[in-house]
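**Student:** With these hints in hand, go ahead and build the complete structure from the sequences.
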Amino acid sequence: MGEMQSVRELVLGAAPHSPSAERPSRHSALVRATHWITALSFLALLVSGIEILISHPRFYWGENGNVLTPVLFKLPIPSSRSLVPTGYGYVLPDQNGWSRYLHFQSAWLVVSTGLVYLVAGLVSGHFRKNLLPRGEDLSWRALWKTIAGHLRFERPSAAEAWSYNLLQRLSYLFVIFALFPLVIWTGLAMSPAFTSAFPASVTLLGGRQSARTIHFFVAVSLLLFLLVHVGMVWFAGFRGRMRTMITGRIDGSLEDA
Amino acid sequence: MTNLSRRKLIKSGLSAAAGFTGLGVATGVAQHYGLIPPDHGGIWGAGETLDYASYRLLTNHSMAREFARSEISTTPLANEMPPLNDAFKKLQAGGFADWRLTVDGMVDRPGMFSLEQLKSYPSRSQITQLACEEGWSYVAEWTGVPLSHVLKVAGIQPQAKYVVYFSIDPDWWDSIDMGDALHPQTYLAYGMNGGDLSVGNGGPLRMRVPRQLGYKNVKFITRLAVTDDLRKFGKGLGSASPEGGYAWFAGI
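Listed in order, the protein sequences are those of chains L and D. Counting from 37, one number per residue, gives the positions in the first sequence under this note's numbering. Counting from 365, one number per residue, gives the positions in the second sequence under this note's numbering.
Quick caveat, the hints were computed from the structure, so don't treat them as lab data. The reader is advised that the hints may include incorrect statements.
Unchecked claim - Label pairs and their calculated CB-CB ranges: (1) Ala-394(D) <-> Ile-113(L): 48 to 58 Å; (2) Asp-462(D) <-> Trp-134(L): 32 to 42 Å; (3) Ala-382(D) <-> Tyr-208(L): 13 to 23 Å; (4) Asn-449(D) <-> Pro-121(L): 25 to 35 Å; (5) Leu-378(D) <-> His-265(L): 38 to 48 Å; (6) Ala-442(D) <-> Val-269(L): 45 to 55 Å; (7) Ser-207(L) <-> Ala-410(D): 30 to 40 Å; (8) Phe-234(L) <-> Pro-534(D): 36 to 46 Å.
Heads up, the beta-carbon is just placed ideally off N, CA and C, and yes, glycines get one too.
**Tutor:** Written as structure tokens, this is what we have:
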């Protein structure tokens, strides 16, 4: 029982009035650690992904797609390959070697971190308690109220520092259970080795070029989430929220408790 | 308090020792089963090793996807490449009649093969995708002789682990392990989409390894060297790619 208790505390954080806690913890150690490893890996994946993209900033659908094929769309940026017709008079330096190494190394890190988070989150009830919207909250009215509050740029109340609001819960769940799985799947679907073992991983998406195009859009969605997320942290009080995500403590919590 | 910190110290010391021992054992086991790529050193070694080890464990008997004839691309792009050297141009002028493939290293019968000889062996065709690390791709029908057949003719020795292959361009060479070398879809390709393999696409002879990306499919092959140790070639990283900053394993 004691062991179970400590696992719960590691993942969930001690309850504000738990006798074993000297200070209440807003985010458990595991959530904080996995959060920052994921943040770091995502940044590495983003930079290396952009570098790789620059070598061919054109998108297609289906199996075939190269400079001789009509595009679905292309990005108005220069390329690191002279064969790509970009309209710019210069070619950027090739950075794909280290970018590809970094991309896959970071992918291993983020996937294994994600698995640890997933298992711990299921065992501890983190998803159920902290992320699944509470029954009474899940209504169009409640959702609209939260959105309207955001649109009026209302600063979050002190109570909101202790729990995620409905919009947060829904967007975090979407990122964790939709965007991340999809970006991993579409990434693997571009690997000729992986698809030789699991051909359905790419045929279900409509082909290698479709997988690449979806991978791009999911990455853009994750980037948009990151920008809004950091923006909201800024809005709610950057220093305080950062301190809480690093130490687990909320400013003044001792006095409040 | 001191008791607690001493216990903590001993505990963390023991777990660190266990961790290192575990890592050592894991490395030994991985080495034994051939799961360590030649470019496993340096800051990217961890990711590269995980990529290659998963490949060896997951895809030993898997086949690259094959396509219907209707899915063959009308734009089989011949990628840009460095200017062809004089040796190539001379052979090209002679219609490649004097093109030779040298096979040496750990084989019982080292020798030279002309294109005519290679074409006299049972030919195979596959409709597979060539995908470049840059992101583009095309599907084409490739015709050639399975590499395994040429290796059988030369008689590979039991201790052989890798096949190193060289382009006529001295800066371009690569290698694959025996799993890939003996894989039924690994060809020395000389034909494409029903005709001769064009020079742009690597003719007269190109290594075709469809479970790996384009740059592993080296053009203008003139030599195969069978070996048990990649450290004997170039800078010891297994191919020209890691020397230029690219991964040796190109399955992803």
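**Student:** Hints first: check each against the structure and report whether it holds.
**Tutor:** Now the hints, each set against the structure:
1. Ala-394(D) <-> Ile-113(L): 48 to 58 Å: violated (41 Å)
2. Asp-462(D) <-> Trp-134(L): 32 to 42 Å: Taking Cβ atoms as reference, Asp-462(D) and Trp-134(L) lie about 40 Å apart, which means the hint holds.
3. Ala-382(D) <-> Tyr-208(L): 13 to 23 Å: violated (36 Å)
4. Asn-449(D) <-> Pro-121(L): 25 to 35 Å: holds (28 Å)
5. Leu-378(D) <-> His-265(L): 38 to 48 Å: holds (40 Å)
6. Ala-442(D) <-> Val-269(L): 45 to 55 Å: holds (50 Å)
7. Ser-207(L) <-> Ala-410(D): 30 to 40 Å: holds (32 Å)
8. Phe-234(L) <-> Pro-534(D): 36 to 46 Å: holds (38 Å)
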